[in-house]
Amino acid sequence: MSSYILGRIIESHKQQYIVKHENNIYNCYIKGKKNHAAVGDWVYINKEIYGKNSIEKIQERKNIFYRSDNNKRKYLAANIDHIIIIVATEPSFSTDIIGNLILEAMRCNIDITIILNKDDIKEQVLLSLDRIKSITPENIPIINLSAKNLTNKEIIFKMYNLLINKTNLLVGQSGMGKSTILNKLVPSAHANTQEYSKYLGTGKHTTSHVKLYDLNIGNSFIIDSPGFQEFSIKHININDINKGFPEFSKFIKECQFYNCSHHHEPGCAIINAVLRGDIKKGRYSLYKKIIKEYQANKKYLRL
Numbered sequence: 130m131s132s133y134i135l136g137r138i139i140e141s142h143k144q145q146y147i148v149k150h151e152n153n154i155y156n157c158y159i160k161g162k163k164n165h166a167a168v169g170d171w172v173y174i175n176k177e178i179y180g181k182n183s184i185e186k187i188q189e190r191k192n193i194f195y196r197s198d199n200n201k202r203k204y205l206a207a208n209i210d211h212i213i214i215i216v217a218t219e220p221s222f223s224t225d226i227i228g229n230l231i232l233e234a235m236r237c238n239i240d241i242t243i244i245l246n247k248d249d250i251k252e253q254v255l256l257s258l259d260r261i262k263s264i265t266p267e268n269i270p271i272i273n274l275s276a277k278n279l280t281n282k283e284i285i286f287k288m289y290n291l292l293i294n295k296t297n298l299l300v301g302q303s304g305m306g307k308s309t310i311l312n313k314l315v316p317s318a319h320a321n322t323q324e325y326s327k328y329l330g331t332g333k334h335t336t337s338h339v340k341l342y343d344l345n346i347g348n349s350f351i352i353d354s355p356g357f358q359e360f361s362i363k364h365i366n367i368n369d370i371n372k373g374f375p376e377f378s379k380f381i382k383e384c385q386f387y388n389c390s391h392h393h394e395p396g397c398a399i400i401n402a403v404l405r406g407d408i409k410k411g412r413y414s415l416y417k418k419i420i421k422e423y424q425a426n427k428k429y430l431r432l
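Read in order, the letters of the sequence shown correspond to residues 130 to 432 in my numbering.
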């Protein structure tokens, strides 16, 4: 497609996309109702066809990170190297959402880091860490910080090795301080910050759409996404689930029955591993919950 320009989508607004090529910005639409692009996609654009710039083709992706609500895909971002999951000591976060985010990231072969924000609320730190560790694999790093108490340089220094030469996706529930962290990393972002509702114990959405920012340190980018209060993964299959629980693999072959569901059967090596402490109880509970949801959603159609 030598006559077209290759650029990267840096922002999306429903069917409108902002594409950057070198130092030029193009407002584009995409041809065809079934062609869904995402921030982070590399695309070929045709300039000013009938007065509009059109996306003609999406280059093959490394991955596409999305959630599936009401039997529809909701794309967050494409071609991601690293995902940063933001949680906080308050308001309370959902371990189910963290578990789903981890599973989706592992499906996409994306490196994962969890940031525990607001660690200046000392009485909540240990409890929050225990909750996070109960449902995460051992190899996922967890970083404590208080974004509002760090300068821009301090937070960049603390996160530098996580971000350098990667496309990073920033995700989290509303009210976790994600916009504060983004503003420290990219002061020009001017992301709106909002104190969480003490009455409801939840945060308010302060980001309305997905947007990619250049961090100007090496080939490093960060993609901000809207906060959410749920993250459904109805699109996953049994292979995705098994991939998301790698610590189970060495025990599964020891089960007494080849078709063991790992729920109640005698001689289940997974249950025995949980009882011995070789598998975290929280991880096993998360696995059972995801399997139950998977079985209920077997009729889900990929759109």
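Among the hints, erroneous ones may be present.
Unchecked claim - In silico EDC-like pairs for lysine to aspartate or glutamate, Cα to Cα no more than 20 Å straight-line: (1) 251 to 198; (2) 251 to 267; (3) 143 to 210; (4) 418 to 343; (5) 372 to 343; (6) 282 to 267; (7) 203 to 219; (8) 287 to 249; (9) 410 to 267; (10) 295 to 259; (11) 201 to 394; (12) 203 to 177; (13) 203 to 369; (14) 417 to 177; (15) 149 to 225; (16) 277 to 240; (17) 421 to 359; (18) 417 to 359; (19) 417 to 376; (20) 186 to 198; (21) 203 to 359; (22) 295 to 422; (23) 176 to 210; (24) 191 to 249; (25) 186 to 240; (26) 418 to 177; (27) 295 to 369; (28) 379 to 359; (29) 418 to 376; (30) 409 to 359; (31) 201 to 376.
The hints are simulated quantities; they were obtained by calculation from the structure and are not laboratory data. Just so you know, these numbers come straight off a predicted model, no measurement behind them.
Results of checking the hints against the structure:
{"no.": "1", "hint": "251 to 198", "in the structure": "violated, 36 Å"}
{"no.": "2", "hint": "251 to 267", "in the structure": "violated, 24 Å"}
{"no.": "3", "hint": "143 to 210", "in the structure": "violated, 24 Å"}
{"no.": "4", "hint": "418 to 343", "in the structure": "violated, 38 Å"}
{"no.": "5", "hint": "372 to 343", "in the structure": "violated, 32 Å"}
{"no.": "6", "hint": "282 to 267", "in the structure": "violated, 29 Å"}
{"no.": "7", "hint": "203 to 219", "in the structure": "violated, 27 Å"}
{"no.": "8", "hint": "287 to 249", "in the structure": "holds, 16 Å"}
{"no.": "9", "hint": "410 to 267", "in the structure": "holds, 13 Å"}
{"no.": "10", "hint": "295 to 259", "in the structure": "violated, 29 Å"}
{"no.": "11", "hint": "201 to 394", "in the structure": "violated, 35 Å"}
{"no.": "12", "hint": "203 to 177", "in the structure": "violated, 28 Å"}
{"no.": "13", "hint": "203 to 369", "in the structure": "holds, 18 Å"}
{"no.": "14", "hint": "417 to 177", "in the structure": "violated, 52 Å"}
{"no.": "15", "hint": "149 to 225", "in the structure": "violated, 36 Å"}
{"no.": "16", "hint": "277 to 240", "in the structure": "violated, 26 Å"}
{"no.": "17", "hint": "421 to 359", "in the structure": "holds, 17 Å"}
{"no.": "18", "hint": "417 to 359", "in the structure": "holds, 18 Å"}
{"no.": "19", "hint": "417 to 376", "in the structure": "holds, 15 Å"}
{"no.": "20", "hint": "186 to 198", "in the structure": "violated, 26 Å"}
{"no.": "21", "hint": "203 to 359", "in the structure": "holds, 12 Å"}
{"no.": "22", "hint": "295 to 422", "in the structure": "violated, 33 Å"}
{"no.": "23", "hint": "176 to 210", "in the structure": "violated, 29 Å"}
{"no.": "24", "hint": "191 to 249", "in the structure": "violated, 38 Å"}
{"no.": "25", "hint": "186 to 240", "in the structure": "violated, 27 Å"}
{"no.": "26", "hint": "418 to 177", "in the structure": "violated, 50 Å"}
{"no.": "27", "hint": "295 to 369", "in the structure": "violated, 24 Å"}
{"no.": "28", "hint": "379 to 359", "in the structure": "violated, 32 Å"}
{"no.": "29", "hint": "418 to 376", "in the structure": "holds, 17 Å"}
{"no.": "30", "hint": "409 to 359", "in the structure": "violated, 24 Å"}
{"no.": "31", "hint": "201 to 376", "in the structure": "violated, 31 Å"}
This entry does not satisfy hints 1, 2, 3, 4, 5, 6, 7, 10, 11, 12, 14, 15, 16, 20, 22, 23, 24, 25, 26, 27, 28, 30, 31, going by the numbered hints stated previously.
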